[in-house]
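All chains should be modelled from the sequences, with the hints used to inform the complete structure.
2 protein chains.
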Amino acid sequence: MIRELCHIVVKPGTQAGFEAAVHQALAIFKRSKGCHQVELHHVIEKPEEYMLIIHWEKLEDHLEGFRKSPDYQEWRGLVGGFFAQAPDVVHASAVI
Amino acid sequence: MIRELCHIVVKPGTQAGFEAAVHQALAIFKRSKGCHQVELHHVIEKPEEYMLIIHWEKLEDHLEGFRKSPDYQEWRGLVGGFFAQAPDVVHASAVI
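Respectively, the protein sequence lines represent chains A and B.
With the numbering used here applied, the first sequence has no gaps in its numbers, which climb one by one up to 102 at the end.
With the numbering used here applied, the second sequence has no gaps in its numbers, which climb one by one up to 102 at the end.
For the record, the hints were derived by calculation from the structure and aren't laboratory data.
Some hints could be false.
Chain copies aren't distinguished; within one or between two, either way the pair holds.
[Unchecked claim] With a straight-line Cα cutoff of 20 angstroms, these simulated SDA-like cross-link-like pairs (lysine to any residue) come out:
#1 K64 to V101
#2 K39 to R73
#3 K52 to H13
#4 K52 to A92
#5 K36 to A92
#6 K52 to V85
#7 K52 to M7
#8 K64 to E25
#9 K52 to L69
#10 K36 to I102
#11 K64 to G23
#12 K52 to L32
#13 K52 to K64
#14 K52 to L84
#15 K36 to V15
#16 K36 to F89
Okay, here's the thing in structure tokens:
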């Protein structure tokens with residue numbers, strides 16, 4: 007199991023719309039192969055910033071399966087308009 | 007409940023020592039008021055980087071309780087020598 011750590015900055019004043027779009031997108035992740043959980047965290051000190059954490063069975067489930075599927079286009083269609091800049095994405099394995 | 011999101015960069019080649027130090031420090035967090043969970047994630051694309059995620063009952067439990075306690079000094083004593091730069095710390099509340 008790995009986690010996708012996605013640092014997102016949204017356009018000012020669009021937080022409610024962005025959060026509603028991520029809620030709507032949960033159905034996409036629920037049906038995606040290897041996707042186990044979605045967490046969205048709102049940064050207290052920087053109200054336009056979020057950390058989206060997605061638990062994937064394998065790195066390939068995200069990079070090959072999801073990213074190359076129509077589901078990825080649907081996800082970007084829902085949330086892409088809220089991004090102030092391209093999200094910063096890395097993957098991580100749990101040590102503790 | 008809030009999460010402390012701590013982005014850590016360690017000095018090259020010190021990963022094993024750093025991870026052992028965080029394991030050792032779990033006892034500190036276990037006894038800290040309001041600390042519910044510690045997660046340590048190792049960034050796959052950037053092997054010198056980690057995301058430490060600590061679940062606190064309230065923001066004050068971290069900033070006032072922990073940061074101003076001798077436990078914080080003990081924590082920094084264990085891990086501070088591994089840091090390549092000052093960690094980047096923010097706090098976040100869960101939306102999803």
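Given identical chains, is K64 near G23, meaning Cα to Cα at most 20 angstroms, within a copy, between copies, both, or neither? neither (30 angstroms within a copy, 26 angstroms between copies)
Between copies, within a copy, both or neither: which fits K36 and F89 at Cα up to 20 angstroms? For K36 and F89, the Cα distance exceeds 20 angstroms both inside one copy (22 angstroms) and across copies (37 angstroms).
For K52 and L32, with the copy left unspecified, which applies at a CA distance of at most 20 angstroms: within, between, both, or neither? Neither. Shortest intra-copy (24 angstroms) and inter-copy (28 angstroms) distances fail the 20 angstroms Cα cut-off.
K36 and V15: within-copy, between-copy, both or neither at 20 angstroms Cα: neither (24 angstroms within a copy, 33 angstroms between copies)
State whether the alpha carbon distance between K52 and K64 is at most 20 angstroms within one copy, between copies, both, or neither. For K52 and K64, the Cα distance is within 20 angstroms only across copies (17 angstroms; inside one copy 31 angstroms).
Within, between, both or neither, where K36 and I102 count as close if Cα-Cα is 20 angstroms or less: between (25 angstroms within a copy, 13 angstroms between copies)
Evaluate K64 and E25 at a C-alpha cut-off of 20 angstroms and name the case that applies: within, between, both or neither. Neither. Shortest intra-copy (26 angstroms) and inter-copy (22 angstroms) distances fail the 20 angstroms Cα cut-off.
At most 20 angstroms between C-alpha atoms: does K52 with V85 qualify within a copy, between copies, both, or neither? within (19 angstroms within a copy, 26 angstroms between copies)
Pop the pair K52 and L84 into one bin, within, between, both or neither, using alpha-carbon distances up to 20 angstroms. Result: close neither inside a copy nor across copies, 22 angstroms intra and 29 angstroms inter.
K52 and H13: within-copy, between-copy, both or neither at 20 angstroms Cα: both (12 angstroms within a copy, 15 angstroms between copies)
Evaluate K52 and M7 at a C-alpha cut-off of 20 angstroms and name the case that applies: within, between, both or neither. Between copies only: 18 angstroms across, 29 angstroms inside.
Is it within, between, both or neither when you check K39 against R73 at 20 angstroms Cα-Cα? within (11 angstroms within a copy, 41 angstroms between copies)
In this structure, the earlier hints numbered 5, 8, 11, 12, 14, 15 and 16 are contradicted, and the remaining ones agree with it.
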